[in-house]
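Residue numbers (our numbering), protein chains in the order written: chain A, 954 to 1182; chain B, 954 to 1182; chain C, 954 to 1182; chain D, 954 to 1182.
Bear in mind the hints are in silico, worked out from the structure with no lab data behind them. Please note: incorrect hints may appear among the correct ones.
The list makes no distinction among identical chains, and a pair is therefore deemed to hold if it is satisfied within one copy or across any two copies.
Stated by the list, open to error - Dumping the calculated SDA-like pairs for lysine to any residue here, alpha-carbon to alpha-carbon at most 20 Å:
no.	residue 1	residue 2
1	Lys-1172	Glu-1009
2	Lys-999	Lys-1088
3	Lys-1036	Val-1085
4	Lys-1008	Gln-966
5	Lys-1088	Ala-1045
6	Lys-1027	Asn-1064
7	Lys-999	Gln-982
8	Lys-1036	Gln-966
9	Lys-1088	Asp-958
10	Lys-955	Arg-1147
11	Lys-1008	Tyr-969
12	Lys-1008	Ala-968
13	Lys-999	Ser-1178
14	Lys-1008	Gly-975
15	Lys-1173	Asp-1082
16	Lys-999	Ala-968
17	Lys-1088	Leu-1105
So the chains spell out like this:
There are 4 protein chains.
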Amino acid sequence: MKPWDGIISEDEQRAYRAAGFGRPSGLGQRPALLIIDVQYRTVGTKPMPFWDSIKEFPTSCGDVGWNAVGNIKKLVDLFRARKWPILYPHVAPKVAHEGGRLAEKVPQIMNIAAHGYNFVEEIAPQPGDILVPKKHPSAFFATALASHLIDLSVDTLIVTGCTTSGCVRGSVVDGFSLNFRVSVPMECVYDRSRVSHAVNLFDMSEKYADVLPLDELLKKLDGLSPRQS
Amino acid sequence: MKPWDGIISEDEQRAYRAAGFGRPSGLGQRPALLIIDVQYRTVGTKPMPFWDSIKEFPTSCGDVGWNAVGNIKKLVDLFRARKWPILYPHVAPKVAHEGGRLAEKVPQIMNIAAHGYNFVEEIAPQPGDILVPKKHPSAFFATALASHLIDLSVDTLIVTGCTTSGCVRGSVVDGFSLNFRVSVPMECVYDRSRVSHAVNLFDMSEKYADVLPLDELLKKLDGLSPRQS
Amino acid sequence: MKPWDGIISEDEQRAYRAAGFGRPSGLGQRPALLIIDVQYRTVGTKPMPFWDSIKEFPTSCGDVGWNAVGNIKKLVDLFRARKWPILYPHVAPKVAHEGGRLAEKVPQIMNIAAHGYNFVEEIAPQPGDILVPKKHPSAFFATALASHLIDLSVDTLIVTGCTTSGCVRGSVVDGFSLNFRVSVPMECVYDRSRVSHAVNLFDMSEKYADVLPLDELLKKLDGLSPRQS
Amino acid sequence: MKPWDGIISEDEQRAYRAAGFGRPSGLGQRPALLIIDVQYRTVGTKPMPFWDSIKEFPTSCGDVGWNAVGNIKKLVDLFRARKWPILYPHVAPKVAHEGGRLAEKVPQIMNIAAHGYNFVEEIAPQPGDILVPKKHPSAFFATALASHLIDLSVDTLIVTGCTTSGCVRGSVVDGFSLNFRVSVPMECVYDRSRVSHAVNLFDMSEKYADVLPLDELLKKLDGLSPRQS
Chain A
954 MKPWDGIISE DEQRAYRAAG FGRPSGLGQR PALLIIDVQY RTVGTKPMPF
1004 WDSIKEFPTS CGDVGWNAVG NIKKLVDLFR ARKWPILYPH VAPKVAHEGG
1054 RLAEKVPQIM NIAAHGYNFV EEIAPQPGDI LVPKKHPSAF FATALASHLI
1104 DLSVDTLIVT GCTTSGCVRG SVVDGFSLNF RVSVPMECVY DRSRVSHAVN
1154 LFDMSEKYAD VLPLDELLKK LDGLSPRQS
Chain B
954 MKPWDGIISE DEQRAYRAAG FGRPSGLGQR PALLIIDVQY RTVGTKPMPF
1004 WDSIKEFPTS CGDVGWNAVG NIKKLVDLFR ARKWPILYPH VAPKVAHEGG
1054 RLAEKVPQIM NIAAHGYNFV EEIAPQPGDI LVPKKHPSAF FATALASHLI
1104 DLSVDTLIVT GCTTSGCVRG SVVDGFSLNF RVSVPMECVY DRSRVSHAVN
1154 LFDMSEKYAD VLPLDELLKK LDGLSPRQS
Chain C
954 MKPWDGIISE DEQRAYRAAG FGRPSGLGQR PALLIIDVQY RTVGTKPMPF
1004 WDSIKEFPTS CGDVGWNAVG NIKKLVDLFR ARKWPILYPH VAPKVAHEGG
1054 RLAEKVPQIM NIAAHGYNFV EEIAPQPGDI LVPKKHPSAF FATALASHLI
1104 DLSVDTLIVT GCTTSGCVRG SVVDGFSLNF RVSVPMECVY DRSRVSHAVN
1154 LFDMSEKYAD VLPLDELLKK LDGLSPRQS
Chain D
954 MKPWDGIISE DEQRAYRAAG FGRPSGLGQR PALLIIDVQY RTVGTKPMPF
1004 WDSIKEFPTS CGDVGWNAVG NIKKLVDLFR ARKWPILYPH VAPKVAHEGG
1054 RLAEKVPQIM NIAAHGYNFV EEIAPQPGDI LVPKKHPSAF FATALASHLI
1104 DLSVDTLIVT GCTTSGCVRG SVVDGFSLNF RVSVPMECVY DRSRVSHAVN
1154 LFDMSEKYAD VLPLDELLKK LDGLSPRQS
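Just chain A, same shape as in the assembly (with noise of 0.2 Å):
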């Protein structure tokens, strides 16, 4: 059971399989972990139903962000284990004068109060892990990230966090374009729309990416070789 069956239907699935999409990419060797977004502007301060959670912050998601920190959590901990690479991209108090189209799009972004922008404490970053300020969906765009994957001789993303039709979308596509290895865990992304999040993980499964559950994937990176120096 795949989280777009019943929204895709099954006519739809299969012309995809017609047309050939949708095979797997795989892990490559050395693999980091994108977590994108994960602010308490995008989640709350604490669990709330979506509807109570955009009181505090327009922008939240609310209480399906809060069950994604929890399975990223799992993540975090194999990558701290094996001293695999973390990084942060995440976006920075905005400045009036700079918003650009997303100013015009989407005004109250403009607005977020600053602990918004806080890291949700649970995964928080620690010293070493690197931090990507954007301002941009892509956490590619306009950032040194494709800078700090090179450094660090990484052929393999895991990208999670928010949302999934935005930021962690966006950021999928210029990793597979750049030749990354992606793979998203199903139940580490989160949005506000659940129709949106579903289909948007379908055309990431079809095109650009490994999605799978979470079980699956700590598996497999659990199986990787310890990185050569």
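Please arrange chains B, C and D on chain A, whose structure you already have, making use of the hints.
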């Protein structure tokens, strides 16, 4: 009635309203038309139902593509009359050892017959139009598209072609990130999945672009003053 | 008399003429001023000869930098009077584990005192100016500079600051590649080597930009018509 | 004896030492060879002195180019023997209306005879090598070069070809910015100006790359362990 009504629930649409998404970008003063991947490999050499058309090219979208061709033609006529720039981001034939991640996710893409790469004649490039060969979803990734648009002093992109959930979506996200104003005429983009098509239009409409009926866009474009040299 | 006369021989200059290099780019209609890395770490906290100044900051260029500051001031005044955009690409303080190749080539760069990163007061950013933090030589690399310039409908870059052979050169090459018209006022850029400074001006003049005296540039800019909204 | 001794004064070289520039990058474990623009348009169809050669192609560098060809051949032989990747960033024939800034700065570049774009036979691409067509100085700008290098898990670039002060320099700066280790074998790059060639080698050596004699580089490369799959 939006293409995503009935697919994205009213409740979820309300969630985006509450979060402040989906405000208009509008047009600037210097538009360019992008026609992405309208090659026979994406529509077939003649209009046919999807399941017949993929027998000719596994990557064809069939009938829905041909409907879009007729609609894009109206934009082409206007842009030619006004001497506004038309650009053709398109996929060039694949070279085997250059496949990278794409060859893994969609192996059949490496074996399209050569004539599938020809532009659909009804709206094919004319002398003076700009060809932008690409290898990745976004028309901006690893291409000179941004350089062309800056050279032409373009501030507004009209994005058409296919697929809605692939190269159109990727190009719209990058165009938005570069601060171009982006409009997507909904009858001028196409895909192999009705649901993914609709949800991607919804995503773009909420976050990156104005998604609007062709007639409405034609009227707006027609109202732009002649371009200053 | 060009800065490179006597350094690049007449014979070699003739070789470029024969090959057809060095034609003018000219100005467009919508200029922006880039002031690159004019921070105390590149000039010292007060004018001093080079060998004294580097005792304060090993990366200082000394007196030649302060001469440039006075010259850049004239451009700043004109740009403020005309309400043309001014952008400040600059290096933010370094974080140890993010050094990459730079930390290897120039280890001392990782240990500059914090106040060295302050902007030189005489031409420091004012509210409304745009800050562009960067980590690499080119002001375009891994930054939102292109997005800012597109948002501002800029077609012409006036590039100033330091070093001529480093960040100025890198930014000019990328600005040229993006099809902006680029001018470099020769008294407004500086470097620690007189010869490398002159030869880089020559390279840019032959291939990428108009390299000209400040007075001539001021006159040309002053002649531009008021910007259309 | 460095190529820039006698051009960059000892005093100025001491200034770079004092500022802490010029430390080595070294080689990584997975090198790739870039051969940039070694086409007949940059050397002529046979070895001739500069002033004769430019009668054939105004953009030719003449004899110095042919010397480099012989030297690059030694690297090609080693890379083929070790099955390390070889990539050919090169300029494709120009299309008139796509000239942008380049057509203004160097109009003659728009009128090179077609056979000038052929690769020099002695070191021409073989099946399995990767072609990287480009339109701008840097081999990375608006090309898939970074994607190719990531796909190949490359960590080290050996940059050869021409011109030292143009496409070689631009590619080295971008390769450095992306955190690849970059080496430039000094006898394998060429230019039309001896002084600009030397000063650009100096700049790259101080800030971006290891600039070293071919023999020394061949020895180091030969000592690398066989590549791990």
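### Query
Taking 20 Å as the upper bound on the Cα-Cα distance, should Lys-1036 and Gln-966 be classified as within, between, both, or neither?
Answer is neither; intra-copy 39 Å and inter-copy 41 Å both fail.
### Message
My question is about Lys-999 and Lys-1088: at a cut-off of 20 Å on alpha-carbon distance, are they close within one copy, between copies, both, or neither?
### Response
Classified as neither; 25 Å inside a copy, 35 Å across copies.
### Query
Are the CA atoms of Lys-1088 and Ala-1045 at most 20 Å apart within a copy, between copies, both, or neither?
Close inside one copy (7 Å) and across copies (17 Å); limit 20 Å.
### Task
At 20 Å max between alpha carbons, let me know whether Lys-999 reaches Gln-982 within a copy, between copies, both or neither.
Result: close neither inside a copy nor across copies, 36 Å intra and 45 Å inter.
### Message
For Lys-1008 and Tyr-969, with the copy left unspecified, which applies at a CA distance of at most 20 Å: within, between, both, or neither?
### Response
between (40 Å within a copy, 13 Å between copies)
### Task
Indicate which option fits the pair Lys-999, Ser-1178 if close means a Cα-Cα distance not exceeding 20 Å: within, between, both or neither.
neither (38 Å within a copy, 52 Å between copies)
### Query
When no copy is specified for Lys-1088 and Leu-1105, does a C-alpha distance of 20 Å or less occur within a copy, between copies, both, or neither?
Between copies, since 17 Å is at most 20 Å while 23 Å is not.
### Query
At most 20 Å between C-alpha atoms: does Lys-1008 with Gln-966 qualify within a copy, between copies, both, or neither?
Result: close only across copies, 17 Å inter versus 38 Å intra.
### Task
Pop the pair Lys-1036 and Val-1085 into one bin, within, between, both or neither, using alpha-carbon distances up to 20 Å.
within (19 Å within a copy, 32 Å between copies)
### Query
When no copy is specified for Lys-999 and Ala-968, does a C-alpha distance of 20 Å or less occur within a copy, between copies, both, or neither?
between (42 Å within a copy, 19 Å between copies)
### Task
Check Lys-1008 against Gly-975 for me: Cα-Cα at most 20 Å, and say if that holds within a copy, between copies, both or neither.
between (39 Å within a copy, 19 Å between copies)
#### Entry: Intra/inter-copy verdict for Lys-1173 and Asp-1082 if alpha-carbon distance must be at most 20 Å
neither (23 Å within a copy, 33 Å between copies)
Checked against the numbered hints above, the structure violates hints 1, 2, 6, 7, 8, 9, 13 and 15; every other hint is satisfied.
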